[in-house]
Amino acid sequence: MADDRMKQVGAFLARQGILVAFLLFMIGFALANHRFIAIDNVLGVIRSSAILGVMALGVTFVVISGNLDLSVGSMMSFSTIVVLDLHDKLGPALAIPAMFAMTLALGALIGFLVGYLRLNSLIVTLGMLSAIHGLTLTYSGGKNMDIADKAGTWFGGIGRGSVLGIPGPILIFGLLALVLSVTLAKTPFGRKVYAVGGNGTAAIFSGIPRARVVFMTYIISSFCVATAGLLQASRSLGSQNTVGQGLELDVLAAVILGGASLLGGSGTVFKTVIGVLILGFIQNGLLLVGLEFYVQYVVTWVIIILAVWLDVAAKRGRILSPIA
Amino acid sequence: MQQETRKRMIKESAIWGFIVLELIFFSVAGHFLSLSENAFMDFENMLLLLKQSAPIGIIALGMTVVMINGNIDLSVGATFALAAVVMLDSMSWPIFAPLGDWVIPVSWALALLTGMVLGAINGFIVWKTGVDAFIVTLGSMLGFRGLVFMYNGEQPTFQLNWTMVDIAEARLFGLQTPTLVLIVCTVLVWLMLNKTIHGRNVYAVGDNREAAVNAGIRVGPHMMINFIIIGFLAALSSVVFYSASGSVNPNDGMLYELWVITAVVLGGTKLTGGKGSVIATFGGVIAIQLLRKGLGHIGADTAMVNLVIGSILIAVLYLDKQLNRKGDGDLKV
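Protein sequence lines, in the order shown, are assigned to chains C and S.
At the far end of the first sequence sits residue 324, using our numbering, and the numbering has no gaps.
At the far end of the second sequence sits residue 333, using our numbering, and the numbering has no gaps.
Extracted from the complex, chain S is given alone in its bound form (with noise of 0.2 Å):
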């Protein structure tokens, strides 16, 4: 029982344990490597540090909720370029001209109702169709982006509105919107997923669908509502990132999918679903943008940090295979 308790422990800490060792590392390597006068852990440079985890950040969290309910989504990164179409298309819509600045709430407004539309239909597809949600992402990862080029060709959409920068690279107690979304996201998840009902339900039909049935929860809609709040998410991520940046192109937000997926999966969360937090999520998040900003504090490369990521996607995939194991029964089949 008492090893139990440890092993949990040791898991649930494991992402924080190695956030700890990323900071003393490249604090030491930077120490002798780098290039730069400031330190790694200047103050400044980890808040910029959040600033930068926000847009997979937050795709992230939705992306926990939809693999512990035993579904994956591939097609984030399309849902990401599409609502960020719709978000600066729509700031010059003619309607909206007699608006004013009052125009930049109802864009995103619009940004994040197309998100939540496109989780629909996912949701809608897996829940009537029943072909597994991989499948139906894959599909619809393509659907998406053909829709986001049907919109505006070729062409990169751009709107400046500099009251909308403002908002976007506005401080509060010193940390940038992007940040405090990220963070009021990070708990108003964790809140579901732990403080309601819906929360318990995405667990109890991660772990067994058919147990989850029988006790009488309704697995269709309520997978498609997990479907509707990572579609949102997906928006408000772009809602943050495009609000700062104001040009979006046809093929932004490819492979973030994998990007978030890594992030999850860094965190400790099954891709058989039934098992995962947030909050591991959040440090898997910031476990990989700190190896990003740590290994180009220290010199190395775009290609050594995908080696290094890749690697330990891995290690991690193998050590949590190791804690795991139930007893040696386990090895044999």
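With the rest of the complex left out, here is chain C (with noise of 0.2 Å):
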């Protein structure tokens, strides 16, 4: 009997970890400093972890279909140049929507590669890092693009507003997780994304249209990113062309973190939030007990390896891998 408990322990812990992982650090950092768990410095966090969570929200619905998307933080970076730059040519109402379909634009091309043209989707998106990176320096000029008058736009108030007291870009991140985990969860678009993930084969002989399928997650993926350069250009109203270089990895260190398997089939859109506000907090724990921002790339190290493995040891049922 309470052995049974054990087990019944162990698997919720296995399946759990990184939820209670995540209770633990901050009731350890909240001890450090009780500054931590103020409601300013909560907010704060989530807001500046906003942008790197829109982005990681698309970025799961493509992991969970067994594919990756490394073109992210190249993309974002266009999107926030294009808006940027359309925002003084044709006012900010057309610039946003315009802006969004030439995003959508770009993931409908991926989509089409790696969904149609079964190309594999490390390669493409690895090709369009380079690519896309080369269509906004090929815009802006290679110069850093800004709003001309920006005292008087109210395009900063998307990313620089709040509504009772929460933050516009908290507001757009917690709407967006909640209506792709509907989605994800409840819709059957959603049961496909893991089909399809799960196995490949199966979900073509069960009837899934596996390519469309794959098609609309890079849909999805570039939705988020156009958001979350509709957010970073809002806040600063002025960008550099490599804003969002390198924010590939992290946004997959956020996703792999909250528990999404690479092999696709798993994962949830909750579980990736904590991925990313733990992520978040983790900056800010370390930075406010005193130690420098670099301590928290070797932390996240290790966190990503313990996670995984945790995760790994618990689906085989033992600790060590079986390969000699």
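Hint data in this document are derived by calculation from the structure and do not stem from the laboratory.
Straight-line Cα separation of at most 30 Å, DSSO-like style, residue types lysine-lysine; simulated pairs:
id	chain 1	residue 1	chain 2	residue 2
1	S	K128	C	K271
2	S	K321	C	K192
3	S	K270	C	K192
4	C	K315	C	K271
5	S	K51	S	K275
6	C	K315	S	K128
7	S	K51	S	K270
8	S	K275	S	K195
9	C	K186	C	K315
10	S	K51	S	K195
11	C	K143	S	K293
12	S	K51	S	K293
13	S	K195	S	K270
14	S	K270	S	K128
15	C	K89	C	K143
16	C	K315	S	K270
17	C	K89	C	K150
18	S	K195	S	K128
Partial chain C-side listing against chain S, Cβ under 10 Å, derived:
id	residue
19	L68
20	G127
21	S130
22	Y139
23	G141
24	L262
25	E292
26	I303
27	I305
Owing to the predicted nature of the structure, the values given are computational and were not obtained by experimental measurement.
Idealized CB from N, CA, C, for every residue including glycine.
Grab the two chains, each in its own frame, and use the hints to assemble them into the complex.
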């Protein structure tokens, strides 16, 4: 009986390990420095994680369907630059939909290459990382982009304003997370994403249009990237054309930390949000106890390995790998 | 059967055909478009190209081994930076002061050792935890970068030693040191892959890990050795590069992993493992450098270079898929 309970506790820890780790981690830091859980600090951390978080939401879909997206950082630079440039040319009300259309077109291209032509997603998105960076540089002519009249536009309100004390980026992040969470967990499309990632061949034989599902995951991913670009642009009202460089790997780290398997078929939006928050709070917590910002890299490394190891070990039922 | 051989020949010589095409294109286009007096195919220009290929090229050799093995290593850029920091910093350690200029080989050895230790850490984690190499090295890419920053804060590390610069800029038969190191390493890794038992096992494990285990190969230690090899080569690349420049920033080597993987994939090595050759990787490295230099020669900017390299990578992947199709059955599922 007691043995049974032990097993249940073990299984629960393995399944919800990341959540338990997150809570322990928060309690630890809160004891070390009481300012850590002050409302304004917590809101500040979530607000600064929101851009990474929004991108991670979309990549979660791509990863669950068994693919990768390394182009999100470069695509985010693209949408930031485009929306800032169009803001002065067309005005904000037209610039935002135009930027979304252009970013979605890039997502559609990747979705076509990976979904319909069945090319390896890692290499396609690696190629797109480089190509989109080139596109951004061509578009901006290599210059930084700035909004001319920063005071006279409502555009900055999206990233800087707040509703009922909650900052705009957090609202958008939360809303998007809610919608995508429901899409993934409660709709037929969501089930298909899991099916395609779990076993692509079986999915095709059960009549699921694999190509279209994969295509849609990249559309969702690029929509999230466009949203992140919008948040970035409206928060800073000016940008370099390398603003998103390197973010693709941070995003992937957050998604993996949330427990999505790179082989596809597992992961949830909620856990990705936890993964994003862990990354954000690690950074903040370490700074608050007085460590340099780069200590977070080493801590993140250890946490990623431990989290995935725990997950893998729980699935195979033993701690060490069976390969000799 | 004959068709099979022909297909294989097309695939294996494809990268060299591409290089010849690039040479012809840039020579002709350069004739009309370039502002420079010199021809693109100038001998000195080609030597410079080989030298500039060396840093990425040396790492790409190791990446080929790891990718044939069915793994991947995303931490090479951070390893590259950490080895450089160790090398340049150790030259001014007080213990080595009596050595005079003999500190140079000692520092090199320390840098190479650093690379091997970092590779061993990756390999050991992959072996013991069974976590996918992509995730392990994604983590250590962050972790190793953190170590680089912890070593010297956000300051650059520099050390100017003219003897070292002389060695790094020396020439033998007209070839600069980096070029020589690249060529020697290519030959050595080729010998390792094709003439040794370890090399045969690299292909066997990458092709079918289960079968390799059943055939009695100790897969865990085997993969760890390959990670040590790529760590060593990343450090060697760093030694060659920073002996000449003498100064390293903590952000150096970022995105190197992506350039290296691009070169290896252009050479035709499969991400799924079991197939690939270092000679083709060498071709892939040259092709990319030629493209960068050539586009620069005809007056295109960085933007164009990025755009073209990205598009070519996807096009190669598509063509490769067409050539590798076993039959129409592959099309359906």
